[in-house]
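Enquirer: If you want the building blocks of each chain, they are given just below.
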Amino acid sequence: MTEFFHAIVNYSFMMHALLASLLASIACGVVGTYVVSRRITYLAGGLAHSVLGGMGIAHYLNIVHGWTWLHPLHGAVFAALLAAIIIGLVSLHSKEREDTAIGAVWAIGMALGIVFISQTPGYSQDLMSYLFGNILMVGSGDLVLMATLDALILLTVTLFFKQFQAVCFDQEFARIRGVNVDLFYLLLLVLTALTVVILTTVVGIVMVIALLALPAAVAMRFTRTIFQTMLLGVLLSALFSTIGLGLSYAPDLPAGATIILVAGTVYVLIALGNRILNKLRH
Amino acid sequence: MVNELVLNINRVSFSYNSEVIFDNINLTVHEREFVWIVGPNGGGKTTLMKIILGLLTPSGGSVEIFGTSPLKARSRIGYMPQHAYLDQRFPITVLEIILMGQLKKGIKAGLFSSRDRRAAFETLELIGMSDLSGRPFGELSGGQQRRLLIGRALVAKPDMLLLDEPMANLDRRIEKELYDLLRRLNQNLTIIMISHDPAFVSEFVEQVVCVNRKVVIHPTAIMEREFIGELYGSGMRVVRHDQHHHDDDKTQGNR
Chain A
167 MTEFFHAIVN YSFMMHALLA SLLASIACGV VGTYVVSRRI TYLAGGLAHS VLGGMGIAHY
227 LNIVHGWTWL HPLHGAVFAA LLAAIIIGLV SLHSKEREDT AIGAVWAIGM ALGIVFISQT
287 PGYSQDLMSY LFGNILMVGS GDLVLMATLD ALILLTVTLF FKQFQAVCFD QEFARIRGVN
347 VDLFYLLLLV LTALTVVILT TVVGIVMVIA LLALPAAVAM RFTRTIFQTM LLGVLLSALF
407 STIGLGLSYA PDLPAGATII LVAGTVYVLI ALGNRILNKL RH
Chain B
0 MVNELVLNIN RVSFSYNSEV IFDNINLTVH EREFVWIVGP NGGGKTTLMK IILGLLTPSG
60 GSVEIFGTSP LKARSRIGYM PQHAYLDQRF PITVLEIILM GQLKKGIKAG LFSSRDRRAA
120 FETLELIGMS DLSGRPFGEL SGGQQRRLLI GRALVAKPDM LLLDEPMANL DRRIEKELYD
180 LLRRLNQNLT IIMISHDPAF VSEFVEQVVC VNRKVVIHPT AIMEREFIGE LYGSGMRVVR
240 HDQHHHDDDK TQGNR
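Those protein sequences? They're chains A and B, same order as listed. Here the first sequence stands for residues 167 to 448, where the numbers follow our numbering. Here the second sequence stands for residues 0 to 254, where the numbers follow our numbering.
Accuracy of the hints is not assured; some may be wrong.
Unchecked claim - Distance windows between CB atoms, simulated:
| no. | chain 1 | residue 1 | chain 2 | residue 2 | range |
| --- | --- | --- | --- | --- | --- |
| 1 | B | G127 | A | I251 | 20 to 30 Å |
| 2 | A | P287 | B | K104 | 52 to 62 Å |
| 3 | B | R134 | A | N440 | 18 to 28 Å |
| 4 | B | R134 | A | W233 | 51 to 61 Å |
| 5 | A | G305 | B | S17 | 53 to 63 Å |
| 6 | A | L320 | B | N7 | 25 to 35 Å |
Stated by the list, open to error - Partial pick of chain A residues on the chain B-facing surface, computed with a CB cut under 7 Å:
| no. | residue |
| --- | --- |
| 7 | L325 |
| 8 | F335 |
| 9 | R343 |
| 10 | V345 |
| 11 | R390 |
| 12 | T391 |
| 13 | I392 |
| 14 | T395 |
| 15 | L398 |
| 16 | P417 |
| 17 | L419 |
| 18 | A437 |
| 19 | N440 |
No lab work stands behind these hints: they were computed from the structure. On a predicted model such as this, the values are computed, not experimentally measured, just so you know. All C-beta atoms, glycine included, are put in the ideal place defined by N, C-alpha and C.
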């Protein structure tokens with residue numbers, strides 16, 4: 167661990183990595199609370215994987231056609247938002263089953279990404295870093311984008327806290343009270359999409375769902391309100407990613423996977439501990 | 000009936016996935032009436048309530064509440080859904096749920112006002128839950144959850160209450176408490192309540208509406224003939240639901 171602190175002070179890439187995980191924790195704790203309480207983890211998984219399509223196309227245009235201003239992360243934002251709106255509209259207005267639509271968006275996004283990345287020189291390395299994350303490669307431009315998305319998310323959640331709470335707890339009642347439930351559900355999916363993009367830079371596409379769901383799920387065992395869950399979720403998420411980053415540094419383990427293992431271990435231990443406590447009480 | 004007509008369901012039909020749920024039903028409710036909707040599961044009780052609330056749109060006929068459409072009248076209706084459909088593990092407190100009843104139309108940003116909070120505490124007082132305001136939803140008993148959801152429906156001061164199975168799975172004592180609360184509320188507002196248990200009709204119920212694909216209305220005065228006795232304590236009437244003669248029973252069967 168001392169090596170880790172030494173590295174943070176001395177290498178800007180480690181400082182960037184730490185900042186990235188802290189910025190990601192904000193979105194993760196706040197939006198993760200909604201994802202867990204509204205039970206849309208699978209939907210978030212679909213959004214996360216569809217992001218590969220956007221990243222692949224942006225990367226292809228960047229390298230092959232010289233669109234140097236277009237960063238893969240921009241493609242990711244676009245793809246996540248598009249996927250969120252497609253899934254949202256299907257679940258609100260179409261007779262199509264929602265889980266089928268999620269599965270389709272999930273797979274089509276990935277397929278598009280793989281095709282475009284395969285047509286771009288040097289593809290295998292890029293594909294790996296999109297799928298499994300490469301937090302040590304985060305640049306200052308990425309940090310600015312992440313901070314901007316965080317600010318957008320916090321602003322929206324602060325403004326419409328009561329509407330989101332009602333839409334997650336009792337959608338039908340909210341509708342009768344005159345809340346535009348469809349609009350706020352779509353907005354919630356948009357926030358989820360933005361969060362997924364932020365988390366992609368830390369743990370990669372494949373592991374986003376874990377980082378999105380686990381801190382909030384652990385927090386919910388100790389909290390009484392959405393607001394408390396968000397606060398504790400942010401703290402836990404920051405703790406998991408800092409510890410994961412620290413543990414991965416000296417043995418040169420993949421940082422994203424280590425972070426997920428830390429979060430997963432805590433989740434499993436707390437779930438088991440809770441079971442044992444309940445058994446003892448009865 | 001001297002009171003003003005507040006709900007008029009006129010020749011309403013409704014189908015779901017090409018299955019006919021209602022064909023040409025009629026129902027009228029007057030101000031400060033207490034109406035009990037009974038009928039077997041799958042008979043369309045909740046569907047009828049959702050049509051009244053404008054959550055479902057009938058394929059034919061008209062629904063008028065307070066002289067206007069359900070969508071426009073909604074803000075004057077307090078609704079309590081079946082509590083089983085809510086997530087017991089959702090992180091939310093009693094006070095937050097009551098406040099939810101004060102959500103307003105449109106995209107109003109920001110937190111609830113201090114006026115909203117005052118009204119919420121007054122309602123908690125009314126339903127006798129002031130000391131539980133910080134308690135999480137999942138830690139309440141079934142009876143407390145029912146009272147809380149009635150409170151949420153009440154906080155915006157509605158003129159009509161729609162309650163979906165507020166009495167399901169409650170013991171007698173708590174059922175009685177809820178009746179007393181509803182009876183007090185009924186002095187100022189119209190109450191329409193669903194119950195799947197048709198055996199008991201409390202004395203202050205004025206209309207029993209049997210919903211089983213068709214709607215059959217029993218004014219309680221007529222039901223006195225079917226009185227079996229005060230078997231279950233004072234003030235309760237027993238409706239022999241299995242024996243009443245609907246005109247359509249012979250053709251429709253008992254679904």
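Enquirer: If you take the shortest Cβ to Cβ gap from A:A437 to chain B, is it below 7 Å?
Expert: violated, 13 Å
Enquirer: Per the hint of 20 to 30 Å, is the separation of the Cβ atoms of B:G127 and A:I251 within bounds?
Expert: Violated, since B:G127 and A:I251 (Cβ atoms, about 46 Å apart) do not stay within the stated range.
Enquirer: Does A:V345 pass the interface check with chain B, least Cβ-Cβ distance below 7 Å?
Expert: holds, 5 Å
Enquirer: Hint A:R343 vs chain B: min CB-CB distance below 7 Å?
Expert: holds, 4 Å
Enquirer: Does A:F335 pass the interface check with chain B, least Cβ-Cβ distance below 7 Å?
Expert: holds, 5 Å
Enquirer: Against chain B, with CB atoms and a cut of 7 Å, does the hint on A:R390 hold up?
Expert: Hint on A:R390: holds, closest Cβ of chain B at ~5 Å, below 7 Å.
Enquirer: I want to verify a distance hint. Is the separation of the beta carbons of B:R134 and A:W233 within 51 to 61 Å?
Expert: holds, 56 Å
Enquirer: Between B:R134 and A:N440, does the C-beta distance stay in 18 to 28 Å?
Expert: Cβ of B:R134 to Cβ of A:N440: about 20 Å, so the range 18 to 28 Å holds.
Enquirer: A range of 25 to 35 Å was offered for this pair. Does it hold for the Cβ distance of A:L320 and B:N7?
Expert: violated, 48 Å
Enquirer: Does the interface hint hold: is A:N440 within less than 7 Å of chain B, judged Cβ to Cβ?
Expert: violated, 12 Å
Enquirer: Taking 7 Å as the limit, does the beta-carbon of A:L398 come near enough to a beta-carbon in chain B?
Expert: Given a least distance of 10 Å, the restraint on A:L398 is violated.
Enquirer: Holds or violated: is there a CB of chain B closer than 7 Å to the CB of A:T395?
Expert: Holds - the Cβ of A:T395 comes within 7 Å of chain B, reaching about 5 Å at its closest.
The structure is inconsistent with the numbered hints 1, 6, 15, 16, 17, 18 and 19, although it conforms to all the rest.
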